[in-house]
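Chain A is fixed; fit chains B and C with the ligands onto it per the hints.
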Amino acid sequence: MTTADRYYVPHGSHWPIVGTFGMLTLVIGLANLFNGHDWGQYLAYVGVASILFMLWGWFGDQIHESLKGLYSKQVDVSYRMGMTWFIFSEVMFFAAFFGALFYTREYAIPWLGGEGAGAWTNFVLWNGYEATWPSNGPAGIGGEFETIPAWGVPFLNTLILLTSGLTITLAHWAVKKQKQLQQVLWLAATVALGATFLYFQAHEYMEAYTELNLTLGSGIYGSTFFMLTGFHGLHVTLGTIMLIVITFRAAKGHFTPENHFAFEAVAWYWHFVDVVWLGLFIFVYVL
Amino acid sequence: MSSVAHAEGHDHKPEGFLNRWLFTTNHKDIGTLYLVFSLTMFIIGGAMAMVIRAELFMPGMQLVDPAFFNQMTTMHALIMVFGAVMPAFVGLANWMIPMMIGAPDMALPRMNNWSFWILPFAFTMLLSTLFMDGGAPAAGWTLYPPLVLQGGNSFAFAIFAVHLLGISSIMGAINIIATILNLRAPGMNLLNMPLFVWTWLITAFLLIAVMPVLAGGVTMLLTDKFFGTSFFNAAGGGDPVMYQHIFWFFGHPEVYIMILPAFGVVSEILPTFSRKPLFGYTSMVYASASIAFLSFIVWSHHMFTVGMPLGGELFFMYATMVIAVPTGVKIFNWVATMWKGAMTFETPMLFAIGFVIMFTIGGFSGLMLAIAPADFQYHDTYFVVAHFHYVLVTGAVFAIMAGVYYWLPKWTGHMYDERLGKIHFWWSTIAVNVLFFPQHFLGLAGMPRRIPDYSLQFAEFNMISSIGGFAFGLAQIFFVYIVWKTVKGGQPAEARAWEGAKGLEWTVPSPAPHHTFETPPEIKPDMIAHPSNAH
Amino acid sequence: MKALKFTGALGAMLVSTGAWAEYKLNMTPGVTEFSHIAYGLHMRILWICVVIGVLVFGAMIYSMIAHRKSKGVEPARFSHSTTAEIIWTIIPILILLFMAYPATKGLIAMEAPHDKPDLIVKVTGFQWRWRYDYLNEDVGFISSLDQESNRVRQLKSGENPGQVKDYLLNVDHPLVLPVGKQVKFLLTADDVIHSWWVPALGWKRDAIPGFVNEAWTKIEKPGIYRGQCAELCGRDHGFMPIVIKAVTPEEFEAWVAEQKKSAMAGQEIQPIADQS
Ligand code: HEA
Ligand code: HEA
Ligand code: CUA
Ligand SMILES: [Cu+2]
Chain A
1 MTTADRYYVP
11 HGSHWPIVGT
21 FGMLTLVIGL
31 ANLFNGHDWG
41 QYLAYVGVAS
51 ILFMLWGWFG
61 DQIHESLKGL
71 YSKQVDVSYR
81 MGMTWFIFSE
91 VMFFAAFFGA
101 LFYTREYAIP
111 WLGGEGAGAW
121 TNFVLWNGYE
131 ATWPSNGPAG
141 IGGEFETIPA
151 WGVPFLNTLI
161 LLTSGLTITL
171 AHWAVKKQKQ
181 LQQVLWLAAT
191 VALGATFLYF
201 QAHEYMEAYT
211 ELNLTLGSGI
221 YGSTFFMLTG
231 FHGLHVTLGT
241 IMLIVITFRA
251 AKGHFTPENH
261 FAFEAVAWYW
271 HFVDVVWLGL
281 FIFVYVL
Chain B
288 MSSVAHAEGH
298 DHKPEGFLNR
308 WLFTTNHKDI
318 GTLYLVFSLT
328 MFIIGGAMAM
338 VIRAELFMPG
348 MQLVDPAFFN
358 QMTTMHALIM
368 VFGAVMPAFV
378 GLANWMIPMM
388 IGAPDMALPR
398 MNNWSFWILP
408 FAFTMLLSTL
418 FMDGGAPAAG
428 WTLYPPLVLQ
438 GGNSFAFAIF
448 AVHLLGISSI
458 MGAINIIATI
468 LNLRAPGMNL
478 LNMPLFVWTW
488 LITAFLLIAV
498 MPVLAGGVTM
508 LLTDKFFGTS
518 FFNAAGGGDP
528 VMYQHIFWFF
538 GHPEVYIMIL
548 PAFGVVSEIL
558 PTFSRKPLFG
568 YTSMVYASAS
578 IAFLSFIVWS
588 HHMFTVGMPL
598 GGELFFMYAT
608 MVIAVPTGVK
618 IFNWVATMWK
628 GAMTFETPML
638 FAIGFVIMFT
648 IGGFSGLMLA
658 IAPADFQYHD
668 TYFVVAHFHY
678 VLVTGAVFAI
688 MAGVYYWLPK
698 WTGHMYDERL
708 GKIHFWWSTI
718 AVNVLFFPQH
728 FLGLAGMPRR
738 IPDYSLQFAE
748 FNMISSIGGF
758 AFGLAQIFFV
768 YIVWKTVKGG
778 QPAEARAWEG
788 AKGLEWTVPS
798 PAPHHTFETP
808 PEIKPDMIAH
818 PSNAH
Chain C
823 MKALKFTGAL
833 GAMLVSTGAW
843 AEYKLNMTPG
853 VTEFSHIAYG
863 LHMRILWICV
873 VIGVLVFGAM
883 IYSMIAHRKS
893 KGVEPARFSH
903 STTAEIIWTI
913 IPILILLFMA
923 YPATKGLIAM
933 EAPHDKPDLI
943 VKVTGFQWRW
953 RYDYLNEDVG
963 FISSLDQESN
973 RVRQLKSGEN
983 PGQVKDYLLN
993 VDHPLVLPVG
1003 KQVKFLLTAD
1013 DVIHSWWVPA
1023 LGWKRDAIPG
1033 FVNEAWTKIE
1043 KPGIYRGQCA
1053 ELCGRDHGFM
1063 PIVIKAVTPE
1073 EFEAWVAEQK
1083 KSAMAGQEIQ
1093 PIADQS
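Chains as they are written, first to last, in the working numbering: chain A, 1 to 287; chain B, 288 to 822; chain C, 823 to 1098.
Just chain A, with the same shape it has in the complex:
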């Protein structure tokens, strides 16, 4: 517990309501799009734009206040806790999809293949289906497909992300040692690595769709594969954008050895994205 001599309470802000408006427009747009109304997409764009506007303005306020030295040590700790538990919630979000992967591989597919409690399931409904992994189920939903070998691009991507974990740590040292140029260079390197990762992943997706017939509709394998790697890729994208922002802030000299929470928050997030990838690499690609 940290305490302050005097508490800091920020003044009111219109950004949350802008954020709410953005979120709502986004989901109403998407829902209409899914229901077959093409105009929904424009609403969704407006939503995304509003959310970006909100982030820009809200963080702008924060940066402004932080630079003015309004924040106490206590406020800093609150932000750290906030970020930590936000990342934890993200971990649990991924846990749902890892759980789905685990459940279908360990239970659903074997049962459909007649193992254990599934003897009658297999005999009555899916006679002839054998439990294997990868699988697109007894009805072969989505047709035959091939998988992406772990030790090619995915392995390369693992190395890329691990390296980026290193470069961001180097950037952190540079912040602490007040070496601004190094800060910017290491951050730029991290951004470049993130972008390369995304490039490779996009490439992989293209290949999966065009050459391997591996799609989101390829039964349970395609579902778990694309949802896990897709949500991860989305997080890498967000992380990269955040990295770009703090690279610019580093260039402006915003970070001091004492006050650089924004930097650390992004670094934590980036490490989190990294760890999720390791899980993916092992459970989705290798095993």
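Keep in mind that the hints were calculated from the coordinates and are not lab data.
Positions of the beta carbon are idealized from the N, C-alpha and C atoms, including for glycine.
It is possible that some hints are incorrect.
[Stated by the list, open to error] Lysine-lysine pairs mimicking DSS-like chemistry, simulated, CA-CA at most 27 Å apart:
no.: 1; chain 1: C; residue 1: Lys-978; chain 2: C; residue 2: Lys-1003
no.: 2; chain 1: C; residue 1: Lys-891; chain 2: B; residue 2: Lys-709
no.: 3; chain 1: B; residue 1: Lys-709; chain 2: C; residue 2: Lys-893
[As the list claims (entries may be wrong)] A few chain A residues facing chain B, derived, Cβ under 10 Å:
no.: 4; residue: Ser-13
no.: 5; residue: Ile-28
no.: 6; residue: Gly-60
no.: 7; residue: Met-81
no.: 8; residue: Thr-104
no.: 9; residue: Gly-114
no.: 10; residue: Gly-140
no.: 11; residue: Ile-244
Relative to chain A, chains B and C with the ligands alone:
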């Protein structure tokens, strides 16, 4: 810190309606918003329950189409759970936690505003599905596939509404954790905190752990319907039952999310009106934590009939039964708190005692449900409906009402009308038992839940239950009147509104000033509600 | 005093459930080994809870009467007692063990594999009726809500359900089963999840599309046993009842022969006797 921190003139309420309510960062105003919102949702959800009870008043289909009936059941539950009970507790947390631990406000006040303002919009969207083609979601609040995937236009809206509610809850929970762990005044140790603060801390962890899982689960529903994935489709190697695992991994902790803060409220009220310290403070904390921990490993007791392997059924049966132990500790400690006290029975105390008794009844039926071979009979009958309304209505809702009566003087500066409060309590208590007790019999006699019409052997008890339901509903209109009257005026309340009340919140004036603590207050031993080392 | 009266009344309600223990108020003891297990456990746990409830609520009520401020008592100051807390942790554990033992035995009995069924019936749930296939006999038919109930249950039909015999609990073609034989059920569904439940058999089991669940029964007494779909399955979930007609093995054989004959003649399936 320089005075710029308070450049905005924080000693005064902000000028103008928008500034005051829409852009607010004040925990009390946000708390009020939450509470008002919750009450609105309680009335809307309750009105839907009245439609259900009216259709079930007699055998035969009199009022609504079966499809609409299912929409009512689904929406009633979603609104009550996510719109009424959870926001009510967040409202109480917003109002009371900073005051109880000597904090100036919540740790992240702007995010606090965001957490709240998502709710009214998300629920407006959810309610608007009632007017869409094909109507509102109708697959039950559990949204089981494949049935839920048959939903019409409303499906995507309902899923996104759940996403938004989840985001709101997670942000609210993060805020509460940061506030409690970071903003306590010096001297307010963890083991000095009021129990309400403790139970909310634990609840917040539960929220952060399970809301994202629900979000993941409903996302899979969305992609199964619109993007051709096969998570819940056996033909593609998925399993509809997998959804149930994901849902209940969220769903069971969710029910404790709705009861742990209630335990906290009751643990504040009983000592006050018994004029005696809470019995076994430390074991109360450990019991709450154990309940939270156990809640993660019991989820499949909702799924005994899906055909799990024997080992799984045994495990989940045992784990569920174990929860009776820490819960029992709480009940016994409450009784011991009352024992040899000098009790008075003002309305908050009446609701708290009503809570202890009727929650225990609901707990007993929960324990019966946990016995797997018997649950093969109970499952999906009105016995389950009776169980969860006892823990939710006479549990969670009664605790919320107890809390409202208890803290209303602090919020408004006025005492409520004690006579009306007592009438409200007795009216509600009698009506609610007429409403839900017969449902035990209905379930045992074989009436399935989620049906709009039933065979003749169930007629008498359904009619009794409906009458109780209407009476209970009217009692809540009366409650709204009592609260309104107190806000408008009434006998002025002292800082320490209740004779036996301990705790920091009773050292500040009633009504509490817009900003309670500008600087960390000094905590003196007599300001601590439940000193853990008292003898 | 009001609190006392109220709790007293509630207690009386609880206690008398035992006395009123007849079909309309309580779980049916049913007609199979499993239903006896479920019923036995139900009654055992119910009574345990009633006893605990009487003790706990009794203590509370006594305290509310004896320890009230208006009697001028001074509040005691104690705030914990490790001994007491250990006692009320241990005792519930013992009680739970006392419940868990028979529950475990019952569950193991109900889930035990029964390899030699005399008859296998495949049950398929549809929106909103059931299909039954006697796997070794080549007999199968669909069973739906009876015409009478179906007509009266329409919204604002204006008819009195009281005039319909077994309103909503009757079907056109009941499932015919022999008593005293081990019957194995294979449950599945075609569209959404349903749940097959006849209280007299002592269990319900979900019928899940794409998977087959197993269950079995051995009915002790001939008779008509009624049940309903127990998993929300859409609009007419409330209108897909189940009726079992349990008959002697001889009658059953005769019924099967009849079915086969009419099936061969390409006629409508004739159940042994409609809606008795
Ligand atoms: C606030 C909400 C809340 C709470 C607190 C509880 C508490 C409990 N619930 Fe409940 N439950 C629900 C809300 C809640 N439940 C809901 C909403 C559903 C239905 C969801 C749906 O399907 O839509 C449900 C359904 C549900 C089921 C599934 C039923 C079915 O669908 O077939 C089961 C089964 O095990 C269960 C068990 C329990 C148990 C064992 C407890 C225990 O925590 C209770 C513990 C308390 C006590 C036991 C009493 C006090 C203890 C003592 C006095 C000590 C001594 C006692 C003994 C040793 C017996 N609940
Ligand atoms: C916290 C949660 C909560 C709360 C507070 C309630 C409150 C009530 N519930 Fe709730 N209920 C659930 C959670 C809750 N319920 C859940 C989770 C389900 C399962 C859904 C599913 O199966 O998917 C369910 C299902 C459910 C059913 C079963 C439906 C079915 O299976 O088909 C019934 C039936 O009686 C019912 C009745 C009631 C009643 C009468 C109240 C009353 O307490 C409500 C009282 C409040 C009011 C009435 C509002 C105030 C007054 C007015 C609006 C004025 C109008 C008044 C009159 C006309 C008299 N509920
Ligand atoms: Cu079939 Cu409900
Ligand atoms: Cu549960």
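We went through each hint and held it up to the structure:
no.	hint	verdict
1	C:Lys-978 <-> C:Lys-1003	violated (44 Å)
2	C:Lys-891 <-> B:Lys-709	holds (18 Å)
3	B:Lys-709 <-> C:Lys-893	holds (21 Å)
4	Ser-13	holds (5 Å)
5	Ile-28	holds (7 Å)
6	Gly-60	violated (13 Å)
7	Met-81	holds (4 Å)
8	Thr-104	holds (6 Å)
9	Gly-114	violated (13 Å)
10	Gly-140	holds (8 Å)
11	Ile-244	violated (24 Å)
The structure is inconsistent with the numbered hints 1, 6, 9 and 11, although it conforms to all the rest.
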